[in-house]
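Undergrad: Heads up: the sequence shown begins at 116 in the numbering used here, then just goes up one per residue.
The hints are simulated quantities; they were obtained by calculation from the structure and are not laboratory data.
Accuracy of the hints is not assured; some may be wrong.
[Claimed, not checked] The calculated label-pair distances, taken between Cβ atoms and stated as ranges, are:
1. Leu411 / Ser314: 23 to 29 Å
2. Met358 / Asn384: 37 to 43 Å
3. Met358 / Glu265: 36 to 42 Å
Even for Gly, the Cβ is constructed at its ideal location relative to N, Cα and C.
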Amino acid sequence: MNSIIKKPIFLVGCMRSGTTILADLLGSHPNIIHCPFELRSVWSKAGNVPMASPKTHDLKCPCLKENDVQPGQAERLSRAFITEMKKNRGSKNVKHACLLNKNPHLANKLPLVNVLFPDSRFIWIYRDLPSVTSSLKKILNRKVIHYWPEQEDLETVRCWECFFNINSIPPQVDRKRCFPGGDIKYLMEYWFETNKAISDFSQTISSDRIFLIKEEQLIAEPENVLADCQSFLGIPINLPKMMINKIDRNRNELWSNSLPKVEIQSMLNFVQEQGDSLNKIFPEGKLFERYNAMILSKLFSERAEEIKTNS
Numbered sequence: 116m117n118s119i120i121k122k123p124i125f126l127v128g129c130m131r132s133g134t135t136i137l138a139d140l141l142g143s144h145p146n147i148i149h150c151p152f153e154l155r156s157v158w159s160k161a162g163n164v165p166m167a168s169p170k171t172h173d174l175k176c177p178c179l180k181e182n183d184v185q186p187g188q189a190e191r192l193s194r195a196f197i198t199e200m201k202k203n204r205g206s207k208n209v210k211h212a213c214l215l216n217k218n219p220h221l222a223n224k225l226p227l228v229n230v231l232f233p234d235s236r237f238i239w240i241y242r243d244l245p246s247v248t249s250s251l252k253k254i255l256n257r258k259v260i261h262y263w264p265e266q267e268d269l270e271t272v273r274c275w276e277c278f279f280n281i282n283s284i285p286p287q288v289d290r291k292r293c294f295p296g297g298d299i300k301y302l303m304e305y306w307f308e309t310n311k312a313i314s315d316f317s318q319t320i321s322s323d324r325i326f327l328i329k330e331e332q333l334i335a336e337p338e339n340v341l342a343d344c345q346s347f348l349g350i351p352i353n354l355p356k357m358m359i360n361k362i363d364r365n366r367n368e369l370w371s372n373s374l375p376k377v378e379i380q381s382m383l384n385f386v387q388e389q390g391d392s393l394n395k396i397f398p399e400g401k402l403f404e405r406y407n408a409m410i411l412s413k414l415f416s417e418r419a420e421e422i423k424t425n426s
């Protein structure tokens, strides 16, 4: 077996964008071995690629580029990946299956990944800003404190850092950047910066190496989206009907009920500040107009409800 793993698949997107659902669906294919969960420890320990997590004991998740590649790094990661594939293969043949690594923490490291594995394929899944924001606010409520770092420069793509308990947060740290309890504008910054980084990277590689999926379309038409994705990967169409039937088709209707009015207003402010830049990240375009109308509609409906209640 060659020292560098062949044609690995890296599934990226910001947290709460449907990466787990998609990875589970794709991982059911006989030609794909999905190694949960994110392989952060492998990246950190075998690859010397820090990823903030209690499992890795890393506090930071740095932006890494082409010139950060280290001697022997690809070989060490490949050996560790193959070991993980053997652990998670079930009845699948490791020699004839592809590794699938779902990992949102790779979004600010894609140039590095591309040099390490030049024949890799990338799947980018994205989800609308309102749904991701409300879902992140809900999920970032664990014992680990997630910290959104201040911007160093325009070239450095940020990712979450962490503190393992509230007492370990230095006094100079802005608590509004810490979750749970932080300002949701930083959740929106994360969504924007992560997706923009993936979008920018997608322009540097050939179109036959990256496949884009809109989470809302995956939820609405899972059979069609999965079939297209499997065709992109060059594997036979094999749809997991039982898993598809368990998908919650209403998961994207909940955001407006989980955010108070002041945070919905904050979201509107963020969208209007970004303006046309929102239209340049995703191929569908016109996101600014759609988000602006969507959030204004929610604010107007809440205002109408207040008037009705008070009259």
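Undergrad: Each hint: holds or not?
TA: Each hint tested on the structure:
1. For Leu411 and Ser314, the Cβ-Cβ distance of about 25 Å falls inside the hinted range of 23 to 29 Å, so the restraint holds.
2. In this structure, Met358 and Asn384 meet the distance hint of 37 to 43 Å, their C-beta atoms being roughly 39 Å apart.
3. In this structure the supplied range 36 to 42 Å holds for Met358 paired with Glu265, their Cβ-Cβ distance being about 41 Å.
Checked against the numbered hints listed earlier, the structure breaks none of them; every hint is satisfied.
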